[in-house]
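Chains as they are written, first to last, in the working numbering: chain A, 455 to 513; chain B, 8 to 710.
Do not take every clue at face value.
Said to hold, decoys possible - Think about it this way: if two alpha-carbon atoms lie no more than 25 angstroms apart in a straight line, the pair counts; the simulated SDA-like pairs of lysine to any residue are:
(1) Lys22/B x Leu504/A
(2) Lys527/B x Val516/B
(3) Lys493/A x Leu299/B
(4) Lys490/A x Tyr242/B
(5) Lys494/A x Leu298/B
(6) Lys494/A x Ser243/B
(7) Lys235/B x Thr479/A
(8) Lys495/B x Thr479/A
Said to hold, decoys possible - The following label-pair restraints were derived from C-beta to C-beta distances:
(9) Phe473/A x Leu37/B: 45 to 53 angstroms
(10) Glu536/B x Trp486/A: 34 to 42 angstroms
(11) Phe476/A x Leu570/B: 38 to 46 angstroms
(12) Phe473/A x Ile512/B: 38 to 46 angstroms
(13) Phe476/A x Ile336/B: 15 to 23 angstroms
(14) Thr479/A x Phe53/B: 51 to 59 angstroms
(15) Gly573/B x Pro466/A: 30 to 38 angstroms
(16) Leu504/A x Ala418/B: 54 to 62 angstroms
(17) Pro136/B x Phe473/A: 41 to 49 angstroms
(18) Thr479/A x Ile189/B: 37 to 45 angstroms
Source of the hints: derived by calculation from the structure; they are not laboratory data. C-beta: ideal position from N, C-alpha, C; glycine also.
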Amino acid sequence: MKQEGLKYFTHPELMAIAFTLFMVTFVGIIFWTFRKSAKKEYEQVAQAPLQEETLHGQN
Amino acid sequence: MSKNLKNTYDDDIVKLFIYATMLWGGAAFLFGVIAAIQMAFWQFNFNLEWITFGRLRPLHTNAAIFAFAGNTIFAGIYYSTQRLTRIRMWSDTLSKIHFWGWQLIIVAAAITLPLGFSQSKEYAELEWPIDLAIAVIWVVFGINFIMTLVKRRERHMYVALWFYISTFVTVAVLHIFNSIEIPVSFLKSYPVYAGIQDALVQWWYGHNAVAFFLTTPFLGLMYYFIPKAVNRPVYSYRLSIVHFWALIFIYIWAGPHHLLNTALPDWLQTMGVIFSVMLWAPSWGGMINGLLTLRGVWHLLRTEPIVKFFVTAVTFYGMSTFEGPLLSIKSVSALGHYTDWIIAHVHAGALGWNGFMAFGMIYYLIPRLFDTQLFSKKLANAHFWLGLLGIVFYYSSMLAAGLTQGMMWRAIDGSGQLVYPDFVETVMKIVPLYYVRIIGGTLYLVGFLIMVYNIVKTVKASKGEVVQVAVPTQAYDAHGDVGTGHRKLEGLALTFTVLATLAIIVGSVIELVPTMSMHKYVKMENAVEPWSPLQLAGRDIYIREGCYVCHSQMIRKMPSDVLRFGNASTIEHSMYDRPFQWGSKRTGPDLARVGKKYPDMWHYKHMKNPREVVQNSLMPNYTWLYNKDIDYYSLRKKFSVLKILGVPYSDQQVANADAHAESEAEAIAEGLKEAGVTANVANKEILALISYLQALGQKGGEK
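With the sequences and hints as input, model every part of the structure.
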């Protein structure tokens, strides 16, 4: 299938650029999201659905 | 500065959407069981055109997706959005317009589909006036939802809300672009796209209807209701960020995996495969995130029916999203495509993931909305086990059927001949499995009815109206702590919406724009002749009867397909086809080259009673085609619309379309008379259909 793909696609350098762009963005997002300093903030936000009881009483 | 504000939520709208979910869910499952029986016993349409499989199947899928799952989503969104934003929906009036408008659309679908008004594009069958209504109501929902986000009293938008945002924007984009059509009359239109374009746009839409109607909103429900049900925060909020952005970005590209090994250009097929396989990662990230939310409280799974439903639903999400990419690999698709394996796959998703999420949510919400206890936990458990057993019966039987038939289709012996050249032989083999499916579907339906009973009892036992106590909330301080990084973005509703839209637009543009310049792919030296007037009339009957739900018109580039049906279909074959009829399932054989394969008389007998010419055929009788008159009158209008869309008809051809069709019909009737037909068939619809079938593969388009 790779061969078929390459046959119709004549700009391998574009493919390399696109791949690098995707990969860097993806890995970047992971590092950025999982950076240590953000941990506490996110743990607080994750409580959102559970907090309404205390704010609103029953229901 | 913050001030205290009083607040009540609109829970009546949530109740309405739950009732609608239960009503339409029952209809969807019932239609499904009837369709399943028809596949095993062809007589089960009672010779009524309105409930014959070709018209019942779109009714079933539309009821399941837009009526059952749709109302589920809205119930969940209205309930959780108000609580996550800590404010009432922006406008109660818009909420009501949304609810009643949506139900009206469903009723319109339930009337027009059995009557045969269909665009024949899967999950987008509804004709243009209903398409317009859907767009309007969807925008009403969107305005109400987005404005609630804008006015919210909680700075941060919780992950569930992101999934709802992506649902709203993407479904809007998909629906509008797939529904660009030119009306011929009040309930008939032709899409502006033809052939390969239509196929690509349709499956970009079709696949993402699964992604953004049956996946993202349900993931939003998962991120809200599972933490609520087990009283724990989601396993990893940060994983949900990666889950969200990766999922919506990748999903939108995967549509072409519905068209593998067809005439679609290879680069698009390859791209569809790669992005589908990539979907494994975010899908499973999301599943793990949902399941691990139960860390430390797994014991609830033993005692709480709600938790049983949710956990099983997420497990089915995991299984379906494992199987989906697997089926998208070109060589696996070669085996599974057009078979019941695909039917198995979608039902694991629909019954397991969507159905069980909906049931878990209903069991969770109803006691809370009515301030009472569930009538019977025992019955809820019974529902769970019946439902699960039903899915197991359904899935395993259809997987076995799909693999069996797929293997039989491709079996080639040492001398290069098909081992099972008679198509009907491969159908007979799997009929016993169709009986098993009926059991599976029935179990699921019975479980569902038990739930309805349980819910009705619960509501009746409640004290009636729950008095809502207005509770104080705080308007958030615009200058306070905004957080950093993604948390900051979560404070910016409109920016977030724009970014999510961008994420889904990239894939759409790269995939669709090159195909819009069709001349790149269609070789004019191989161009086909456009349909003649009578052929076009026959084609519209073919579409009306939903022939495409059982017959493909796309011979794939595979030895077994070519041996069985003739040379692979080309792009040119369907270049004037509005809508395209490539199909997605072969309960009967491919028809791309059926023209001139049999005499007119064969078709005449076959449509009246297929078993007269094909022993053991499962196809129903189409007796009404022998009584109804051909609609010659509309042909001139149809021709002129197609001419506007670029089909090279001359002005004279347009002006004489009806007269020309009449003379064509006369010639076929004459031939049938000579072959021994004594009944009066003059101007009957069967003539138009024969004319169309005999033209398939006979209009040129060869390489």
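Among the hints numbered above, which are violated by the structure, and what are their numbers in rising order?
Of the numbered hints, 7, 10 and 12 do not hold.
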